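J.: Sequence:
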Amino acid sequence: MKILNAAQIREIDRYTIEHEPIDSIDLMERAARKCYEWIRRRFKKKRHVRVFCGMGNNGGDGLVVARMLAGTGYKTTVYKVLHSETASDDFLVNEKRLSGVKNLHYEDIREGENFPAIEPGDLVIDAMLGSGLSRPLEGLLADVVRHINASGAPVVSIDFPTGLFCEDNRQNEPKNIIRADYTLSFQLPKLAFMFASNEQYLGSWYLIDIGLHPEAIQAATTRHFYLQASEIRNLYRPRKKFAHKGHFGHAYLMAGSYGKAGAAVLAARAALRTGVGLLTVQIPSAGYGVIQTAVPEAMCVPDEQPHFISEVADLEGYNVIGTGPGLNTHDQTARALKLLIQNTSVPMVLDADALNILADNLTWCGFLPKGSVFTPHPGEFDRLAGKSANEHDRFEKAVELAHRFQVHIVLKGAHTMVVSPDGRCFFNSTGNPGMATGGSGDVLTGMIMGWLAQNYSPLHSCLMAVYLHGRAGDLAANRKGYEGLTAGDIIEQIPKAIKTTLRY
Numbered sequence: 001m002k003i004l005n006a007a008q009i010r011e012i013d014r015y016t017i018e019h020e021p022i023d024s025i026d027l028m029e030r031a032a033r034k035c036y037e038w039i040r041r042r043f044k045k046k047r048h049v050r051v052f053c054g055m056g057n058n059g060g061d062g063l064v065v066a067r068m069l070a071g072t073g074y075k076t077t078v079y080k081v082l083h084s085e086t087a088s089d090d091f092l093v094n095e096k097r098l099s100g101v102k103n104l105h106y107e108d109i110r111e112g113e114n115f116p117a118i119e120p121g122d123l124v125i126d127a128m129l130g131s132g133l134s135r136p137l138e139g140l141l142a143d144v145v146r147h148i149n150a151s152g153a154p155v156v157s158i159d160f161p162t163g164l165f166c167e168d169n170r171q172n173e174p175k176n177i178i179r180a181d182y183t184l185s186f187q188l189p190k191l192a193f194m195f196a197s198n199e200q201y202l203g204s205w206y207l208i209d210i211g212l213h214p215e216a217i218q219a220a221t222t223r224h225f226y227l228q229a230s231e232i233r234n235l236y237r238p239r240k241k242f243a244h245k246g247h248f249g250h251a252y253l254m255a256g257s258y259g260k261a262g263a264a265v266l267a268a269r270a271a272l273r274t275g276v277g278l279l280t281v282q283i284p285s286a287g288y289g290v291i292q293t294a295v296p297e298a299m300c301v302p303d304e305q306p307h308f309i310s311e312v313a314d315l316e317g318y319n320v321i322g323t324g325p326g327l328n329t330h331d332q333t334a335r336a337l338k339l340l341i342q343n344t345s346v347p348m349v350l351d352a353d354a355l356n357i358l359a360d361n362l363t364w365c366g367f368l369p370k371g372s373v374f375t376p377h378p379g380e381f382d383r384l385a386g387k388s389a390n391e392h393d394r395f396e397k398a399v400e401l402a403h404r405f406q407v408h409i410v411l412k413g414a415h416t417m418v419v420s421p422d423g424r425c426f427f428n429s430t431g432n433p434g435m436a437t438g439g440s441g442d443v444l445t446g447m448i449m450g451w452l453a454q455n456y457s458p459l460h461s462c463l464m465a466v467y468l469h470g471r472a473g474d475l476a477a478n479r480k481g482y483e484g485l486t487a488g489d490i491i492e493q494i495p496k497a498i499k500t501t502l503r504y
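Position 174 of the sequence shown, counting from 1, maps to 174 under the working numbering, and the rest follow consecutively.
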């Protein structure tokens, strides 16, 4: 699913109006009805609904929602915020349609006048500006936003919270942005939805299909995407009847150190659950029994050192190499990682301490094999790329770093981001807060290895692993809840995640 900017969305609106064809006022009616239906399903009629409308088309959407709510028995008050001398044509048409509607009261809000009281038990509908804003709010609109935020009432924003920018909010004024509990986004997500710093303004957001023209959406160009199950299904190659383990690759995992053999176990089990044909694990010799017992399906190469990795085994015959989970940053381990990078030509998946070692030796990145993948969490990424002042800075640095080193970067988070060397960014739609637990990242590393071993491209391996990792986490959370979820629970749900997503 594409993530488009405000100008592109306006162009798709225009194309839909011309080519469906449909009058703009009827497209507004259709979009607002979908919002009304969503609101009606979730909020009882006992609430007093207060709809704050700007004077453009977002305000027009709000007028339609207000008319429909009042028409089905909700006590509704519309507030026309007079922030402009003129209103859009569709706003004016819908303003006239409010005449005579029962259960509806209409008021103007002007600069310098007292604002209406809002009770915590009321419901506020924010339909003041939508997604086209490009500079911080000031004046009347800023005052109304602060008044709504101070009320304690639940807020539903139509299309986009008033005051928030569609993409980059680094220069915005936080106190002048609506803090919505729910955001009903028309058709497509916005880039701002993908950053945790904007959660306080967006609340829970939902995509509302308003029937924008599919040809216009298909023609729009972007480097930003929101991963959906249908896209993952399109990447999958079904297994053939006469396939054998040699067809699905041989992965090599160099992981673990004293006290962290569990990380190697988790990555190994995840790779096997993802479908790798053969797996060999190199682990410090003290962990040999752990791997042989916990992952009997894997072959094991014990390092000569009992507590850390100190050497590189023979790399002949492997088609993907993973390293980092539980690795430690011992000097001998760092030298072993350097040799590993220098002596292999197959894609590498680097996580955790492998990335921490690279952060102190960035010149080694120039020798990484083609198709390699970094899987950092934000702290590990900042050690690689330098401290980021905010998430948008980190996002831009990830794009730059992926291009600079020609690697794929999987930046982990609520909407884990996959960045390709050509600058495309894919944000994940699966996963939940229960996955914020030790070992979850080791599982993801193993899953990426598993798809790479099966000869999927580096990008497709990252996309499939990230989406299915989140899907497995969602299945696990349905059974265990958030607090009780462990990385092992995610692994156990990988087969079901694959089967239900790919539908075979």
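Simulated from the structure, these hints should not be mistaken for laboratory data. Owing to the predicted nature of the structure, the values given are computational and were not obtained by experimental measurement. There may be inaccurate statements among the hints.
Stated by the list, open to error - With a cut-off of at most 25 Å between alpha-carbon atoms, the simulated DMTMM-like pairs for lysine to aspartate or glutamate come out as follows:
(1) Lys75 - Glu119
(2) Lys75 - Glu107
(3) Lys46 - Glu18
(4) Lys175 - Asp209
J.: Among all the numbered hints in the text so far, which are the ones the structure does not match?
T.: Of the numbered hints, 3, 4 do not hold.
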